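K.L.:
Now for the letters of each chain:
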Amino acid sequence: MKKRVLSFMMAGILAAASLSACSGQGSATETTGSAGQTTAGETKGESKAAGETVIKVWTNDRHDSEYVDQKIDEFNKTNDKGIKIEMTVVTDDYANMLSMAYSSGTAPDIAGISAGQSGFDLKTFADAKILEPLNDKIKDADYEKVTEASKLQYEGINMIDGNVYWIPTGMRSGVRMEYNKDLVKAAGVTEFPNTLSGVVDLAKKVTDNGGGKTYGIAFTSSVPFIRWIEGTCETSGIYRYDYKNGKFSFDGYKPVIEACNQFIKDNSVLPGSVSQGVDAMRAQFAEGAFALWGNASQEAGVFTDQFPVTKFDWGVSTVPTLDGQVKGALSIQPQKGYMMLSSSKNKEAAWEVIKFFSSEDFLKGYLEGGYCLPISSYMSGVIDTTKTGRLADFKLQDYESVYPAVPAVAIQGDDYVATLWNAILGNVSADDAIKDLNKRYNEALDNDVSMGKIKRLVIKDFDSMHPNAGTIEYSDK
Amino acid sequence: MKEKLSFGERLQKSASRGDFSSALMLLPAVFLLAVISIYPFCWLFRYIFYDYNGFTAYYIGFKNFTRMFQDAVFWRSVLHTFEYAIMKLIIILPLSLLLAVLLNQKIKGSGIFRGIYFMPTVISSAVYSLIFGFIFAVYNGVLNAYLQKLGMIHSPIDWLGSASIVMISIVIVAVWGGFGNYMILFMSGLSSISEEIYESCKMDGANGVQSFFYITLPMLSPVLKVILMLAITTALKDYESILVLTNGGPNSRSEVMFTYIYKLIFGSQTTPQIGYATVLSVMAALIIGVITAVYMYFARKLDDVV
Numbered sequence: 001m002k003k004r005v006l007s008f009m010m011a012g013i014l015a016a017a018s019l020s021a022c023s024g025q026g027s028a029t030e031t032t033g034s035a036g037q038t039t040a041g042e043t044k045g046e047s048k049a050a051g052e053t054v055i056k057v058w059t060n061d062r063h064d065s066e067y068v069d070q071k072i073d074e075f076n077k078t079n080d081k082g083i084k085i086e087m088t089v090v091t092d093d094y095a096n097m098l099s100m101a102y103s104s105g106t107a108p109d110i111a112g113i114s115a116g117q118s119g120f121d122l123k124t125f126a127d128a129k130i131l132e133p134l135n136d137k138i139k140d141a142d143y144e145k146v147t148e149a150s151k152l153q154y155e156g157i158n159m160i161d162g163n164v165y166w167i168p169t170g171m172r173s174g175v176r177m178e179y180n181k182d183l184v185k186a187a188g189v190t191e192f193p194n195t196l197s198g199v200v201d202l203a204k205k206v207t208d209n210g211g212g213k214t215y216g217i218a219f220t221s222s223v224p225f226i227r228w229i230e231g232t233c234e235t236s237g238i239y240r241y242d243y244k245n246g247k248f249s250f251d252g253y254k255p256v257i258e259a260c261n262q263f264i265k266d267n268s269v270l271p272g273s274v275s276q277g278v279d280a281m282r283a284q285f286a287e288g289a290f291a292l293w294g295n296a297s298q299e300a301g302v303f304t305d306q307f308p309v310t311k312f313d314w315g316v317s318t319v320p321t322l323d324g325q326v327k328g329a330l331s332i333q334p335q336k337g338y339m340m341l342s343s344s345k346n347k348e349a350a351w352e353v354i355k356f357f358s359s360e361d362f363l364k365g366y367l368e369g370g371y372c373l374p375i376s377s378y379m380s381g382v383i384d385t386t387k388t389g390r391l392a393d394f395k396l397q398d399y400e401s402v403y404p405a406v407p408a409v410a411i412q413g414d415d416y417v418a419t420l421w422n423a424i425l426g427n428v429s430a431d432d433a434i435k436d437l438n439k440r441y442n443e444a445l446d447n448d449v450s451m452g453k454i455k456r457l458v459i460k461d462f463d464s465m466h467p468n469a470g471t472i473e474y475s476d477k
Numbered sequence: 001m002k003e004k005l006s007f008g009e010r011l012q013k014s015a016s017r018g019d020f021s022s023a024l025m026l027l028p029a030v031f032l033l034a035v036i037s038i039y040p041f042c043w044l045f046r047y048i049f050y051d052y053n054g055f056t057a058y059y060i061g062f063k064n065f066t067r068m069f070q071d072a073v074f075w076r077s078v079l080h081t082f083e084y085a086i087m088k089l090i091i092i093l094p095l096s097l098l099l100a101v102l103l104n105q106k107i108k109g110s111g112i113f114r115g116i117y118f119m120p121t122v123i124s125s126a127v128y129s130l131i132f133g134f135i136f137a138v139y140n141g142v143l144n145a146y147l148q149k150l151g152m153i154h155s156p157i158d159w160l161g162s163a164s165i166v167m168i169s170i171v172i173v174a175v176w177g178g179f180g181n182y183m184i185l186f187m188s189g190l191s192s193i194s195e196e197i198y199e200s201c202k203m204d205g206a207n208g209v210q211s212f213f214y215i216t217l218p219m220l221s222p223v224l225k226v227i228l229m230l231a232i233t234t235a236l237k238d239y240e241s242i243l244v245l246t247n248g249g250p251n252s253r254s255e256v257m258f259t260y261i262y263k264l265i266f267g268s269q270t271t272p273q274i275g276y277a278t279v280l281s282v283m284a285a286l287i288i289g290v291i292t293a294v295y296m297y298f299a300r301k302l303d304d305v306v
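Same order as they appear, the protein sequences are chains Y and H. Note that the numbering used here numbers the first sequence so that position 214 is 214, with each residue one more than the last. Note that the numbering used here numbers the second sequence so that position 43 is 43, with each residue one more than the last.
Quick caveat, the hints were computed from the structure, so don't treat them as lab data. No experiment lies behind these values; they were computed from the predicted model shown. Even for Gly, the Cβ is constructed at its ideal location relative to N, Cα and C.
Under the rule of at most 27 Å between Cα atoms (straight-line distance), these lysine-lysine pairs were calculated in the DSS-like manner:
#	chain 1	residue 1	chain 2	residue 2
1	Y	Lys123	H	Lys263
2	Y	Lys204	Y	Lys181
3	H	Lys63	Y	Lys439
4	H	Lys263	Y	Lys439
5	H	Lys63	Y	Lys247
Computed list of chain Y residues with no C-beta within reach of chain H, every gap over 10 Å:
#	residue
6	Ser65
7	Ile72
8	Leu322
9	Asp446
Starting from the given sequences, assemble the full structure and let the hints guide the process.
P.N.:
Put into structure tokens, the structure is as follows:
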């Protein structure tokens, strides 16, 4: 009799457990425990409803969490609107996590975003109605004064068809070259070269001088082409998209591929660097293993805090161009914007939080901490640049600008970053790589345009030096 | 002559046999199987004719199929999958069998060794692949440092970045992670062979090696058949450790079928191409199914040995 009762109890527990496991879809995935009381924070002038409004914010950046967490604490304690911000850092698979959270009903109210976020396509998210357009809200006078939002609307980057989804509050500079001043001086070079062939020679000189211990240049396994070589292409007037004719054209890359292939032929590249991750290479730069490195303004923080360079003096230079002259703008990435998700139940409160993150008080400390460069001229004027450390070396050149977003096509096979890098390594000839890229990218573009997925971008009066100043047209064929 | 039972009598008969209670007990498992395995499998077939990016699906007919047949990277990855599976199986199966035979003897410490060799199975493959990534590293890598100290090499070897040896490194990690598992399976098979047979063959004057080939192996054949099938299908489906170690390797050298499919959906280089990935998964499943069927055909003789 006892055994029977016991077995019935076990069966009952098992059934209950399996049923609850099947139905408990969204509730187990909260990272921060509470689904606090939420009340509509809409009332203005009426007395505040009881309870507080919890606004969930996601961000992809962990490097600034010290400052941001501290400011959030202050806000939570002192704000008079009953808003409590809960911040979650999601570093991996950001775009995937957002779309999965949205489809399962656990999406945050606000998601931080920067241009160039890998895997994230604004148009896909906008078309799926996941994001809330902010056009009316950004007209707020205070907001406009600090962020200059009306000047920072880039089609395809933070705006689709006139709907603005986020406004950047900072930017990442264009790419630069960082170099070991001691090694360069020891190789007998006094001024950093401004031509690509000059840099190739410099790398060779440093390697010859290094006697097998120190090398001229190093790359990395993680998208090496965009670290500085793409910057050289842009400033030499070479770009992958032909805006005037509305198609992809990779022909201009041939001289750059051949010049960079010379690094490999000269053996000036640190052995094994091509297959190692970014952080391993940064560590070796800090050890003085090689002289030339390339990356954008985030290296200021990296070489000051993450891998402090103490053994030598390091300098920053603009990227070289093909012939020493600047023929095109260097692309910069607008960063640190905040998107509101359409599934948010407290849109007014969420807007207050966005205003807080874009306020002068928040941004002044953030930009002075050197976490990124200011993007609005108002903030540039307000901050004290002596506090930003090495970030000052990465200050904006007058030929840096945002490029209009290239149509995002679903290509088959490797993207242009991987293919061009393959050609630089010498695994495939420059001509073959260029022909292959032209074919695949234009086929995908024609295909996607004919299916109605995207529209062809044409800027008939495109000017390489002022890429964002032309008239943007969209074509259906 | 059997008379036809009425419906009520048939119900009573099956109740007394325990049909209802067994059906009820099977229900949770069948339900879970349907929801977690069968439904997603059918869901796949919705998307093989579409270009689906996770949000909107565009009908494209047979384009996914024509693309698959022209996709050189995919077919190269199929080749790499076979290369990986063959290399892994050639090493792991004899090794596990040898260790199982050695540790089956009642010598001191065999229990401890069994536990140690089984531990890699308990650790997640992503975790130990991450650690092996550090061991195989060129700069500050453990393995290179040891080999250099021992004087066996002069400059660090690029274990995971050089196209010629990346597959060997991956197979080393796979063997390390899997042999404990197969060793335990073999040991359970060995334990079913009775001692008397060994005694009688010892009396006939057989030494260790002879008794292994003439007694152990034949008696293991039904177990061997099952283990071999498991090993083959697992080796063909392995992708997590390769993804963590090399992410497809230098210039797609270590790309296997499932890393390619995974990157089409979850990779950061492209918006998700779920429709195409679905077609590739169906193809990959077909390939593994064919290989398993071929294996079962050749292995049916193993059942007749004992």
